[in-house]
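Protein chains in written order, with our numbering: chain G, -15 to 251; chain B, 102 to 255.
Do not rely on the hints blindly, as some may be mistaken.
[To be verified] No more than 25 Å apart at the CA atoms, straight line, and that leaves these computed lysine to aspartate or glutamate pairs for DMTMM-like:
(1) G:Lys174 with B:Glu243
(2) B:Lys103 with G:Glu43
(3) G:Lys138 with G:Asp240
(4) B:Lys170 with G:Glu37
(5) B:Lys103 with G:Glu27
Because the hints were derived from the structure by calculation, they are not lab data. The model shown is predicted, which means the values in this text are computed figures rather than measured ones.
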Amino acid sequence: MTAAVARTLEELRARLAEGRGKACLIAGGTDLVLHLHEHPDEEPDLIDISSLEAMRILEKHPGETLVGAAVTFAEIEASPLLQEKAQALVMAAASMGSTQIRNRATLGGNVANASAAADGTAALCALDAQALVEDYQGRQERLPVGALVTAPGKTVLGPDRFLLAFAIPDGTGPSAFFKVGSRRAVAISKLSLALGRHLVLGSLAPSPVRAEKAQALLAGPSREAFLDALTEAVERAIPTRASLAYKRVAVRGLGDDLWRHLKEVRS
Amino acid sequence: MKISITVNGRLHEADVAPTTRLVDLLRNGLGLTSVKEGCSEGECGACTVIVDGKAVTSCTTLAFQMDGKSVTTLEGIAEETLHPLQQAFIDHDAVQCGFCTPGMILSAKALLDANPHPTRDEVCRALEGNLCRCTGYLPIVEAVLDGAERLSRS
Chain G
-15 MTAAVARTLE
-5 ELRARLAEGR
5 GKACLIAGGT
15 DLVLHLHEHP
25 DEEPDLIDIS
35 SLEAMRILEK
45 HPGETLVGAA
55 VTFAEIEASP
65 LLQEKAQALV
75 MAAASMGSTQ
85 IRNRATLGGN
95 VANASAAADG
105 TAALCALDAQ
115 ALVEDYQGRQ
125 ERLPVGALVT
135 APGKTVLGPD
145 RFLLAFAIPD
155 GTGPSAFFKV
165 GSRRAVAISK
175 LSLALGRHLV
185 LGSLAPSPVR
195 AEKAQALLAG
205 PSREAFLDAL
215 TEAVERAIPT
225 RASLAYKRVA
235 VRGLGDDLWR
245 HLKEVRS
Chain B
102 MKISITVNGR
112 LHEADVAPTT
122 RLVDLLRNGL
132 GLTSVKEGCS
142 EGECGACTVI
152 VDGKAVTSCT
162 TLAFQMDGKS
172 VTTLEGIAEE
182 TLHPLQQAFI
192 DHDAVQCGFC
202 TPGMILSAKA
212 LLDANPHPTR
222 DEVCRALEGN
232 LCRCTGYLPI
242 VEAVLDGAER
252 LSRS
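Please build the complete structure, drawing on both the sequences and the hints.
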């Protein structure tokens, strides 16, 4: 077991090439440190990427906004650029954890940890964001964020690839994020609703679930029809889960929040 | 791994294991026992310290990640007399068992350092990550608002 700090992509690539398979990236640590503390038998070679320059970007590019994987939730919440371009992500960041957690937790960590309850992932999927994925040899590719998570805690990344940044396309329209947890603050989402180019439900399946029919009704005159479509989407996603009875109703509360929010934004 | 870490204004060289957490280094390595370990999962905020001006939970942070950084614990905020926030906590009876108090005061200090005149809502939000099972929070919020007043006068 070793620990190292990578401040540049070159350093990170070299470390990954060296430590093939055993390397474990750590940024804010708000999930990983708990895991390591509970599993002292695991001895990964840790590479700290929390100050890696290329992962700390927050930039406007033609047609899209790039958010580095090691940008923290506190930085997302405070970013005027993201407030303008990715309101859903800003709202998700603001509702995640506590001040102390938002100061450390990163967007890339939230996605890579692959929790079904990852608020950042839900917001990114709604915004139709792509992940810029790189391997230890410097080969880059773009993958839709929705295609990264394969099962709870599992991603397509594997030990040789890492998340560099997320690209959020322009023109996703009005966007917003609402969630319900067991209390108002510092609560893991039991269910979330994110709107961007897509309307998605988070904390329902390993990856966020699109609610196309409900999205189409969001522009219509009937709030009830919209809420009914949300309930249908939940019923379709988790037909046999014990939490269905709760979530099919809870989603209407989130739908109501979104409906009212959009009315306010448009007026 | 060898790290250089500034704690309460003093530079320390420490040799830490990869999975040594910041809370372990501060308590066991440097004897700074104001840093409390409560839940060990970043929920209760008892282990809160200030890293480069920001409140963080030291139980979710590894020590080796703090190489080159500056950390403040409760031991580092009082000078000749108590810090105005500490005195405000005493005056408002915002302390009962005291276990959450160091983390509360550091979360409050990080807030006031960035935002010297917070609203009540801003104070509540800054303290969301600090649990107190004794006071019911109201005296704590009063103490922070009063502490902000005292600091702006001093």
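Consistency of the hints with the structure:
1. G:Lys174 with B:Glu243: Measuring from Cα to Cα gives roughly 32 Å; hence the hint is violated.
2. B:Lys103 with G:Glu43: Cα-Cα ~34 Å, so violated.
3. G:Lys138 with G:Asp240: violated, 32 Å
4. B:Lys170 with G:Glu37: The given pair, whose Cα atoms are some 16 Å apart, holds under the 25 Å limit.
5. B:Lys103 with G:Glu27: Measuring from Cα to Cα gives roughly 18 Å; hence the hint holds.
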